[in-house]
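These protein sequence lines are chains F and B, in that order.
Oh and the first sequence: position 14 is 14 in my numbering, straight run, nothing missing.
Oh and the second sequence: position 429 is 1429 in my numbering, straight run, nothing missing.
Watch out, some of these pointers could steer you wrong.
As a list, the in silico BS3-like pairs of lysine-lysine whose alpha-carbon atoms are at most 30 Å apart [said to hold, decoys possible]:
#: 1; chain 1: B; residue 1: K1139; chain 2: B; residue 2: K1325
#: 2; chain 1: F; residue 1: K65; chain 2: F; residue 2: K33
#: 3; chain 1: B; residue 1: K1275; chain 2: B; residue 2: K1325
#: 4; chain 1: B; residue 1: K1466; chain 2: F; residue 2: K31
#: 5; chain 1: B; residue 1: K1507; chain 2: F; residue 2: K65
#: 6; chain 1: B; residue 1: K1292; chain 2: F; residue 2: K31
#: 7; chain 1: B; residue 1: K1139; chain 2: F; residue 2: K65
#: 8; chain 1: B; residue 1: K1275; chain 2: F; residue 2: K65
#: 9; chain 1: B; residue 1: K1139; chain 2: F; residue 2: K33
#: 10; chain 1: B; residue 1: K1466; chain 2: B; residue 2: K1429
#: 11; chain 1: B; residue 1: K1466; chain 2: F; residue 2: K65
#: 12; chain 1: B; residue 1: K1040; chain 2: B; residue 2: K1136
Take a look, some chain F residues computed to stay more than 12 Å from chain B by CB distance [as the list claims (entries may be wrong)]:
#: 13; residue: P76
#: 14; residue: L81
#: 15; residue: H110
#: 16; residue: G112
None of these hints come from the bench; they were simulated from the model.
C-beta atoms are modelled at their ideal positions from N, C-alpha and C, and glycine is treated no differently.
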Amino acid sequence: MAESSAPGGYPIPITVEFTGGLELLFGNERKHKVVLPARLENGSSPNISFLLGYLVDNLMQDERKDMFIMEDSVRPGVLVLINDADWELEGEDAYELQAGDTIVFVSTLHGG
Amino acid sequence: MYQTSEIDANIARLRQQIAGTEAHLRQLKVQLSRAEQQAKEAHDLGQTYDGGHPVEWQAETLAALSQKIGSSSRLHEDGIPATTPQHSGEPLLLSSGDVSSPSSKGRWPLSTEEYRRYGRQLILHEVGLQGQLRLKSAKVLVVGVGGLGCPAAAYLAGAGVGTLGLVDGDTVEVSNLHRQILHSTNTIGIGKVDSAVDYLNGLNSLVNLIPHRAHLTPQTALEIISSYDAVLDCTDHPTSRYLISDACVLLGKPLVSASALRTEGQLMALNMPPKPPGDASGGPCYRCVFPKPPPAESVVSCGEGGIVGPVVGVMGVLQALETIKIIATGTVDRADSNGKTSEMHSKANEAPAPASPSLLLFSAFSSPPFRSVRLRLRRTNCASCSAQATITEASLTSGSLDYVAFCGVTSPLDILAPHERIGASEYSKLYRSSPHILLDVREPVHFELSSLPGAINLPWSECVAKPGEALLQDVERLTQGREDEGRDVLVVCRLGNDSQLAVAKLKQAGWQGAVKDLRGGLRAWRQEVDPDWPDY
Chain F
1 MAESSAPGGY PIPITVEFTG GLELLFGNER KHKVVLPARL ENGSSPNISF LLGYLVDNLM
61 QDERKDMFIM EDSVRPGVLV LINDADWELE GEDAYELQAG DTIVFVSTLH GG
Chain B
1001 MYQTSEIDAN IARLRQQIAG TEAHLRQLKV QLSRAEQQAK EAHDLGQTYD GGHPVEWQAE
1061 TLAALSQKIG SSSRLHEDGI PATTPQHSGE PLLLSSGDVS SPSSKGRWPL STEEYRRYGR
1121 QLILHEVGLQ GQLRLKSAKV LVVGVGGLGC PAAAYLAGAG VGTLGLVDGD TVEVSNLHRQ
1181 ILHSTNTIGI GKVDSAVDYL NGLNSLVNLI PHRAHLTPQT ALEIISSYDA VLDCTDHPTS
1241 RYLISDACVL LGKPLVSASA LRTEGQLMAL NMPPKPPGDA SGGPCYRCVF PKPPPAESVV
1301 SCGEGGIVGP VVGVMGVLQA LETIKIIATG TVDRADSNGK TSEMHSKANE APAPASPSLL
1361 LFSAFSSPPF RSVRLRLRRT NCASCSAQAT ITEASLTSGS LDYVAFCGVT SPLDILAPHE
1421 RIGASEYSKL YRSSPHILLD VREPVHFELS SLPGAINLPW SECVAKPGEA LLQDVERLTQ
1481 GREDEGRDVL VVCRLGNDSQ LAVAKLKQAG WQGAVKDLRG GLRAWRQEVD PDWPDY
């Protein structure tokens, strides 16, 4: 019902979290509420790949983009978790975001 | 008369002895019959559970069972008089004193000391006698005896892991002591392994401690790890993490890996179950989760980034717990003669539990502080654990795998020309006489610990995120009212790296005036000029 009631559908509210030091690139804030458009200009639904670009353009406060993104994906050593599961279990960057999703970006730690 | 009565008394005594002996004979026959019945039941039970009662000490347990029957109260209940031979010689029944005497060797599966020491975990279903015996026969290797390895080793030794190997090439420093709980003020300067052995011996001398007083290398890793059943990665760098994971996959050892930094920690059980490379039912390895190493400049140590002691302590304790779970439940068996650890199944032909890998995230200042996430299974093209694996025992031992090159190294930053830098001794002669802006780009918490007179704090972490113009505006704002200091800037930081970046950025942004940095940072200041400068 909801899809048919609004042209392009309703915006998609999600929660984005950064941990393992990545929060330092995002104003030292761990948890962010983000609202994504239901439809992109090309008519597709926003997926993780879109989210990565969106975060770099809108949320990242650090100029060192390569501390987060390398070769159009997250840099090595960063895990992406979609609702508490490794994104590789959910279709990686092609996963289409749903309202209420929690996406966590974890930088692996090495200290001991 | 006298003689006759003496003979009569003798006859009566003999009759009494015969009656008593016949009673003993009946008791013995009852005991024998009951012992045989119990032996049969124990045997049948053993068959039913297939290994529920280890063969090697069934005999001792049966002996103990038959002794219980000999107690006098039990015989009374059965209506048979509990008579004791009055004459001298060998007692026909074991006296109660024998039953309660200190356990002789082999009589019970554990020693008197072990029952007392491990009693609190022995009475738990999750450990129990079988779990304790498995812990006792287990050989566990702790690689790295620092913030993770110290608490992990302490709990493993406390729990009665039979053999505990410790690997580390470092010596104890005073800055270790807020978190590395096996070391003490008295062992500063001593090898960490020896310091740990000293403590662990005092904690539990029943544990066989094996020191390995050097860092693990590709050449030594396989030989050292092969004689253990499970490995804990308590190291602090990607190079060792990839090496340990590769070696554990090649040798079929489960690996419990943890890490910590600042206020956060991460824990994974890897290669669990430890199947051979190419077997998709095995648990993922470190390379499955992180196929590519992180950029070297993103790797931050506890010395650089800081660490809250209990945070790394929690992670080390969790590693010990995960290892105890793996061993006590019998999920993996002891290393066989080939050095491989095989899985042990409690029932014949039962399929082992499939891998359900997870990553535990701990964030001490978040709510909730723990989060467990599902990880991927083995990667089908993994360089280490897949059918296409390129990492072999030969490539490890020959040294052809260069883990340092694989992970990259950060060479000391050197981006400024010599005339753009000033040494600590030279600066000590200038800093009072020559007017200048002194810019300290350390974090505010560093600045609060110690700063040079007149220094302005502008953290590099803020500068780096900003465009050059915004940085210039910041410096202008911070130096308002201090025009007498002129336009020349000297930048200082902790070690002399961020200060170079700040100098370069200020120059690029077009700062009007000379900009230099203090070579070697405030560490050089302490070493060359002011020995009382706080060393943190």
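The hints, checked one at a time:
no.: 1; hint: K1139/B to K1325/B; result: holds (14 Å)
no.: 2; hint: K65/F to K33/F; result: holds (21 Å)
no.: 3; hint: K1275/B to K1325/B; result: holds (18 Å)
no.: 4; hint: K1466/B to K31/F; result: holds (22 Å)
no.: 5; hint: K1507/B to K65/F; result: holds (22 Å)
no.: 6; hint: K1292/B to K31/F; result: holds (27 Å)
no.: 7; hint: K1139/B to K65/F; result: violated (45 Å)
no.: 8; hint: K1275/B to K65/F; result: violated (39 Å)
no.: 9; hint: K1139/B to K33/F; result: violated (48 Å)
no.: 10; hint: K1466/B to K1429/B; result: violated (33 Å)
no.: 11; hint: K1466/B to K65/F; result: holds (12 Å)
no.: 12; hint: K1040/B to K1136/B; result: holds (29 Å)
no.: 13; hint: P76; result: violated (4 Å)
no.: 14; hint: L81; result: violated (5 Å)
no.: 15; hint: H110; result: violated (5 Å)
no.: 16; hint: G112; result: violated (4 Å)
Checked against the numbered hints given earlier, this structure breaks hints 7, 8, 9, 10, 13, 14, 15 and 16; the rest are met.
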